[in-house]
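Protein chains in written order, with the working numbering: chain A, 32 to 604; chain H, 53 to 652.
Simulated from the structure, these hints should not be mistaken for lab results.
Some hints could be false.
Result set (EDC-like, lysine to aspartate or glutamate): computed pairs, CA atoms no more than 16 Å apart in a straight line [unchecked claim]: (1) H:LYS351 <-> A:GLU194; (2) A:LYS469 <-> A:ASP550; (3) H:LYS242 <-> H:GLU326; (4) H:LYS168 <-> H:ASP434; (5) H:LYS533 <-> A:ASP487; (6) H:LYS415 <-> H:ASP434; (7) A:LYS114 <-> H:GLU326; (8) A:LYS498 <-> A:GLU521; (9) A:LYS158 <-> H:GLU540; (10) H:LYS303 <-> H:ASP495; (11) A:LYS158 <-> H:GLU543; (12) H:LYS127 <-> H:GLU83; (13) A:LYS158 <-> H:ASP538; (14) A:LYS158 <-> H:GLU544; (15) A:LYS114 <-> H:GLU543; (16) H:LYS415 <-> H:GLU123; (17) A:LYS158 <-> H:GLU524; (18) H:LYS351 <-> A:GLU193; (19) A:LYS170 <-> A:ASP217.
Which stretches of chain A does chain H cover? Using the computed rule of at least three CB atoms under 8 Å from a CB of chain H, they are [what the hints assert, rightly or not]: (20) 77-84; (21) 91-105; (22) 111-119; (23) 203-214; (24) 374-382.
Ideal placement from N, C-alpha and C gives every residue a C-beta, glycine not left out.
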Amino acid sequence: MSEISLTIDGEQVKVPEGTTVLSAARKLGIEIPTLCYHPDLTRHGACRVCEVEDVAHNRSLASCVTPVIEGMEISTRSRRARKARRRNVSLLLANHPNDCLGCDRSGTCELQEIAHDLSIRTREIEKYEGETRDITPDKTGPALKREPNKCILCGRCVRICEEVQGVSALQFSNRGFDSIVTTAFDLPQSEINCANCGQCATVCPVGAIVEKNEIYHVWQALEADDKHVVVQTAPSIQATLGEEFGMEPGTVVTGKMVTALRKLGFDRVFSTEFTADLTIMEEGYEFLARLEGNEKLPHITSCCPGWVKFAEHNYPDLLNHLSSAKSPQQMFSALAKSYYPDLTGIKPEKIYTVSIMPCTAKKFEKDRAGINGGPLKDTDAVLTTRELALMIKEIGIDLNHLPEDEYDELLGKSTGAGTIFGTTGGVTEAAVRTVKEKLTGEPLERLELGFVGVQDKEIEIGDRTIKVAIVSGLGNTGELLKDVREGTSEYDFIEVMACPHGCVGGGGQPLPVDKEKKDRRAEGLGSIDQAKTIRKSHENPMIKKVYEDYLEEPLSRRAHRLLHTEYRRRPKN
Amino acid sequence: MKDAVYRSHVLVCTGTGCSSAGADSLQVELEDQIAQHDLTDEIKVIETGCHGFCEKGPIVVVYPEGVFYCEVGKKDIAELVEEHLLKGRVLEDLLYREPVTEEQIPSYHDIDFYKKQQRIVLANCGKIDPENIDEYIANNGYEAAGIALTKMDPGEVISEVKNSGLRGRGGGGFPTGNKWEFAYNTKSDKKYIVCNADEGDPGAFMDRSILEGDPHRIIEGMLIGAYAIGADEGYIYIRAEYPLAIKRLEKALSQAREYGFLGSDIFGSGFDFELHIKKGAGAFVCGEETALMASIEGKRGMPSPRPPYPAQKGLWDKPTNINNVETFANIPYIIYKGAESFNSIGTENSTGTKVFALTGKIKNTGLLEVPMGTTLREVIFDIGGGLTGDNEFKAVQTGGPSGGCIPAGYLDLEIDYDSLLEVGSMMGSGGMVVMDEDTCMVDVARFFLDFTQSESCGKCTPCREGTKRMLEVLERICGGKGASGDIELLEELGNHIKDTSLCGLGQSAPNPILSTINYFREEYEAHIEDKYCPAGVCPELAGAYMIDEEGCVACGQCARACPVDAVSVQDNEIYVIDEDLCISCGACEEACPVDAVTQG
Numbered sequence: 032m033s034e035i036s037l038t039i040d041g042e043q044v045k046v047p048e049g050t051t052v053l054s055a056a057r058k059l060g061i062e063i064p065t066l067c068y069h070p071d072l073t074r075h076g077a078c079r080v081c082e083v084e085d086v087a088h089n090r091s092l093a094s095c096v097t098p099v100i101e102g103m104e105i106s107t108r109s110r111r112a113r114k115a116r117r118r119n120v121s122l123l124l125a126n127h128p129n130d131c132l133g134c135d136r137s138g139t140c141e142l143q144e145i146a147h148d149l150s151i152r153t154r155e156i157e158k159y160e161g162e163t164r165d166i167t168p169d170k171t172g173p174a175l176k177r178e179p180n181k182c183i184l185c186g187r188c189v190r191i192c193e194e195v196q197g198v199s200a201l202q203f204s205n206r207g208f209d210s211i212v213t214t215a216f217d218l219p220q221s222e223i224n225c226a227n228c229g230q231c232a233t234v235c236p237v238g239a240i241v242e243k244n245e246i247y248h249v250w251q252a253l254e255a256d257d258k259h260v261v262v263q264t265a266p267s268i269q270a271t272l273g274e275e276f277g278m279e280p281g282t283v284v285t286g287k288m289v290t291a292l293r294k295l296g297f298d299r300v301f302s303t304e305f306t307a308d309l310t311i312m313e314e315g316y317e318f319l320a321r322l323e324g325n326e327k328l329p330h331i332t333s334c335c336p337g338w339v340k341f342a343e344h345n346y347p348d349l350l351n352h353l354s355s356a357k358s359p360q361q362m363f364s365a366l367a368k369s370y371y372p373d374l375t376g377i378k379p380e381k382i383y384t385v386s387i388m389p390c391t392a393k394k395f396e397k398d399r400a401g402i403n404g405g406p407l408k409d410t411d412a413v414l415t416t417r418e419l420a421l422m423i424k425e426i427g428i429d430l431n432h433l434p435e436d437e438y439d440e441l442l443g444k445s446t447g448a449g450t451i452f453g454t455t456g457g458v459t460e461a462a463v464r465t466v467k468e469k470l471t472g473e474p475l476e477r478l479e480l481g482f483v484g485v486q487d488k489e490i491e492i493g494d495r496t497i498k499v500a501i502v503s504g505l506g507n508t509g510e511l512l513k514d515v516r517e518g519t520s521e522y523d524f525i526e527v528m529a530c531p532h533g534c535v536g537g538g539g540q541p542l543p544v545d546k547e548k549k550d551r552r553a554e555g556l557g558s559i560d561q562a563k564t565i566r567k568s569h570e571n572p573m574i575k576k577v578y579e580d581y582l583e584e585p586l587s588r589r590a591h592r593l594l595h596t597e598y599r600r601r602p603k604n
Numbered sequence: 053m054k055d056a057v058y059r060s061h062v063l064v065c066t067g068t069g070c071s072s073a074g075a076d077s078l079q080v081e082l083e084d085q086i087a088q089h090d091l092t093d094e095i096k097v098i099e100t101g102c103h104g105f106c107e108k109g110p111i112v113v114v115y116p117e118g119v120f121y122c123e124v125g126k127k128d129i130a131e132l133v134e135e136h137l138l139k140g141r142v143l144e145d146l147l148y149r150e151p152v153t154e155e156q157i158p159s160y161h162d163i164d165f166y167k168k169q170q171r172i173v174l175a176n177c178g179k180i181d182p183e184n185i186d187e188y189i190a191n192n193g194y195e196a197a198g199i200a201l202t203k204m205d206p207g208e209v210i211s212e213v214k215n216s217g218l219r220g221r222g223g224g225g226f227p228t229g230n231k232w233e234f235a236y237n238t239k240s241d242k243k244y245i246v247c248n249a250d251e252g253d254p255g256a257f258m259d260r261s262i263l264e265g266d267p268h269r270i271i272e273g274m275l276i277g278a279y280a281i282g283a284d285e286g287y288i289y290i291r292a293e294y295p296l297a298i299k300r301l302e303k304a305l306s307q308a309r310e311y312g313f314l315g316s317d318i319f320g321s322g323f324d325f326e327l328h329i330k331k332g333a334g335a336f337v338c339g340e341e342t343a344l345m346a347s348i349e350g351k352r353g354m355p356s357p358r359p360p361y362p363a364q365k366g367l368w369d370k371p372t373n374i375n376n377v378e379t380f381a382n383i384p385y386i387i388y389k390g391a392e393s394f395n396s397i398g399t400e401n402s403t404g405t406k407v408f409a410l411t412g413k414i415k416n417t418g419l420l421e422v423p424m425g426t427t428l429r430e431v432i433f434d435i436g437g438g439l440t441g442d443n444e445f446k447a448v449q450t451g452g453p454s455g456g457c458i459p460a461g462y463l464d465l466e467i468d469y470d471s472l473l474e475v476g477s478m479m480g481s482g483g484m485v486v487m488d489e490d491t492c493m494v495d496v497a498r499f500f501l502d503f504t505q506s507e508s509c510g511k512c513t514p515c516r517e518g519t520k521r522m523l524e525v526l527e528r529i530c531g532g533k534g535a536s537g538d539i540e541l542l543e544e545l546g547n548h549i550k551d552t553s554l555c556g557l558g559q560s561a562p563n564p565i566l567s568t569i570n571y572f573r574e575e576y577e578a579h580i581e582d583k584y585c586p587a588g589v590c591p592e593l594a595g596a597y598m599i600d601e602e603g604c605v606a607c608g609q610c611a612r613a614c615p616v617d618a619v620s621v622q623d624n625e626i627y628v629i630d631e632d633l634c635i636s637c638g639a640c641e642e643a644c645p646v647d648a649v650t651q652g
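Only chain A is shown next, with the shape it has when bound in the complex:
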């Protein structure tokens, strides 16, 4: 590919043909504000906040969508360019609530940051004062809240939902000033085919789509005298929470996080990794049974609630392929309100269970019909990584300066097999380790499964070859599931994670985010697995104990009641 020469702010630069003006400028360290642009999505060119001037051709252009051409003389600083950016930002602000202080995204809002960086002043916004959008917020969703009045129509949510997730729950509607992003037929969030994956919330530059905040309820429980509040932390949180406190993506903060949770007042701090190991036991045995011919192959994982809901809407005919094992979150909570009271003598009604999740769909999962093992709600509250960080910040703690601490023992110990639940391929690897040892007594070498898209692998187990596929990002499931539907799938085991990169790329993780950051988080998480000594779920002494004490054996009657669930067909709208 040929090289193109141009100047940007007087500096000569050569870049490959096809490079946009924006990336050429960034190469030179020149920052241009953007809103609709996102590195992981198609180019949109809508917000016009990245305007620069091409002096050679006497035109103003949107740098994020304009490829360089020979002889361009770009000025990012000319009066024309500067005014163009200011006016477009002011036009957006003139139709924006501007109640920044009370907004969920205050401090992480990209529009706020740009307005700050460009030092936009009130008089400039007032100049364009007029009618403003007036649409009732949609708070009906189980996990996500939409506030269309804050929307700046950058289309990042529309694009990620369509291009990456293949769900298309959100689209543009109406024309002109009345244009909005909405659901099909303006249906409420609670009635649409949304998987609750929250990818839209991770790319929304403003507070137009945010998770349903449960911080208030958690504080109430923590401050109630008669509540015994236990918290579980999902595997991926330890590799992402640090970002909220300025650390590099992928920094492992397990010990500091445990300390912070204790300081917040949680009575017991446990790791979801323990029940991730339990999920592997249950699911591993289930897979063994399928291999032995009792049920349909391929076996498809069900630990991701976004994927489960997606399947219920779009592949109801394949639900019998899904493992009936609950997700680690729900297994943990079920035990926390059954086995744990037996052990400690605390009444189940007094126990309040909180889970810290990378995920918005977990908020939906906790309230699924039939999800509870008994009469009580198994999971009382779900906080995302972002919500946990807000709570830690509220009590004035800087994670950087905390000493490290250990999880509580009883439900705390994990193997590292559970840890890699947090990246894609992790579930498969953990399950296959267990299955292989059960069948052959031989250990399994590291599968070295990556983090992106669709991958597959053949594994020799005794005289049998097991074919596994790992897919992350709902938009990547199409081909694989088409084969399953048509009965031509060559796979025995399929792992599906709704979010690209799995849980490290979850809808509840720190903002802003892109592919590169997710890679680094996954690397951080992978390093924990390497460091652990016990790496097979069935060798976890706590797992052995819980079966001996309480569950008897995988897939027992009690295990079925507490640790397994059912799925249902949902409409496709």
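Based on these hints, arrange chain H on the given structure of chain A.
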């Protein structure tokens, strides 16, 4: 069976204009009357497309004499058959009357409306039955396609079109031959050709009339284009609001397939081509080519940034060439008559002819085709017959809702792509709205912006938010709430929107405002500073009425007509209007028998 030979042909215009004026019932009546006089074997009735002179519809032309009857009603048919068709006497009452001399003109070649026209695109419109492929073929139809496909290679076709100088008739005026060359040069296993018939400008009906009057010309133009760029599939994207055009196109497509002008191995050349109709849902923005392609693909009609251009990555990411209806309609002529014949018409940089839809305060509303370089004065006064009521000309708006308003000082401007741009307007697809002294230019600007604002796709910030803010300012000014600084704000926003919008809609939407500020700034100032609408259009700003003391005969009719009791009598002699109560409705003025009431 041998075709019958008729001594007379009666052509009834069934374009949308004449149809809505009652032409549909004429044909039935004609056939009835002809049958009653036992002339069925001698006289044939033919439905044609638009003659262009819509103001005078319904139009009926009798051949071989070529007598042009206008404003024909159902009640006239019996007499027409008896007098003209039976006795051979021209029915003078139905002839066109020259407006000044009142002279009756029997042949339409002698009518001013037609005299200055040169018809290439509209050559067959009104002359042939658009639903009969044989009539098109009889007028050399599909000969150009035959020549192109059997005697020329694609490169020769493209260079012929390049040499003709033809520029896109849809708006931008990009050279058609170059556009074809780009699509030709992009290597791909699949290419598309698309005809943009999403004519959405208020008051424009050029494309509709061509499609209704001569659909095969478009099919032939597209066939030649497809051969030139190497496309084997095409789409005609047409508004669903054009049912007659769609019906005739569908008929034409099936006839073309039957005759082998579509399908495989056309003219035995080995070239295959299939053509589909895609109906649009009426979004104005779908006339923008990237939005149009999105719409064909079933997506929301929203423009995308270019590059990539359609010639590189178009419909379903394949190289695609898009031209508008009138552009394609010129192609058969260029190939059949040669580039030289075409480029000898018009001006140096704008060759050929242009079809305009002339509307507004004009006597001869209608569709006309003139060589490029014809002056505005010729179009408006010679062809258009001047303004209705012989009012004074104020401005003409060209180029659709995003065009600019051109004042009287430029009446002698020779119309072409570049000259229109120079005066702050544009060619657009060829709409021409004439305005007189009773037109308020601020109100006109508000009207057009209201249209473009509500038709904006809402994608980019300047167009979505900016045009709304401009509209609010204009509404404020028209409502008597304009403030100093408003004109400057309009200019700032207008230039900003032009400079930074994503597509042509936003880039041109401010034109009506910027051009009226440029040429009629004093009208804006009168609205803002004096709270006065000089044209008396803006209701909140129209002046109060006054009664002339000298003229008043104290009849009291004004007082009785006034709906708000603003008129009272003083000393039983004269009537006066209370300015504070007057709502400027004009009822008193209408009621006054001695013209003593005037507006202040």
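Structure-based check of all given hints:
no.: 1; hint: H:LYS351 <-> A:GLU194; result: holds (13 Å)
no.: 2; hint: A:LYS469 <-> A:ASP550; result: violated (32 Å)
no.: 3; hint: H:LYS242 <-> H:GLU326; result: holds (13 Å)
no.: 4; hint: H:LYS168 <-> H:ASP434; result: holds (8 Å)
no.: 5; hint: H:LYS533 <-> A:ASP487; result: violated (69 Å)
no.: 6; hint: H:LYS415 <-> H:ASP434; result: holds (11 Å)
no.: 7; hint: A:LYS114 <-> H:GLU326; result: violated (49 Å)
no.: 8; hint: A:LYS498 <-> A:GLU521; result: holds (7 Å)
no.: 9; hint: A:LYS158 <-> H:GLU540; result: holds (12 Å)
no.: 10; hint: H:LYS303 <-> H:ASP495; result: violated (43 Å)
no.: 11; hint: A:LYS158 <-> H:GLU543; result: holds (13 Å)
no.: 12; hint: H:LYS127 <-> H:GLU83; result: holds (14 Å)
no.: 13; hint: A:LYS158 <-> H:ASP538; result: holds (10 Å)
no.: 14; hint: A:LYS158 <-> H:GLU544; result: holds (11 Å)
no.: 15; hint: A:LYS114 <-> H:GLU543; result: holds (14 Å)
no.: 16; hint: H:LYS415 <-> H:GLU123; result: holds (14 Å)
no.: 17; hint: A:LYS158 <-> H:GLU524; result: holds (12 Å)
no.: 18; hint: H:LYS351 <-> A:GLU193; result: holds (12 Å)
no.: 19; hint: A:LYS170 <-> A:ASP217; result: holds (13 Å)
no.: 20; hint: 77-84; result: holds (count 5)
no.: 21; hint: 91-105; result: holds (count 5)
no.: 22; hint: 111-119; result: holds (count 5)
no.: 23; hint: 203-214; result: holds (count 7)
no.: 24; hint: 374-382; result: violated (count 0)
Of the hints listed earlier, those the structure fails to meet are numbers 2, 5, 7, 10 and 24, in rising order.
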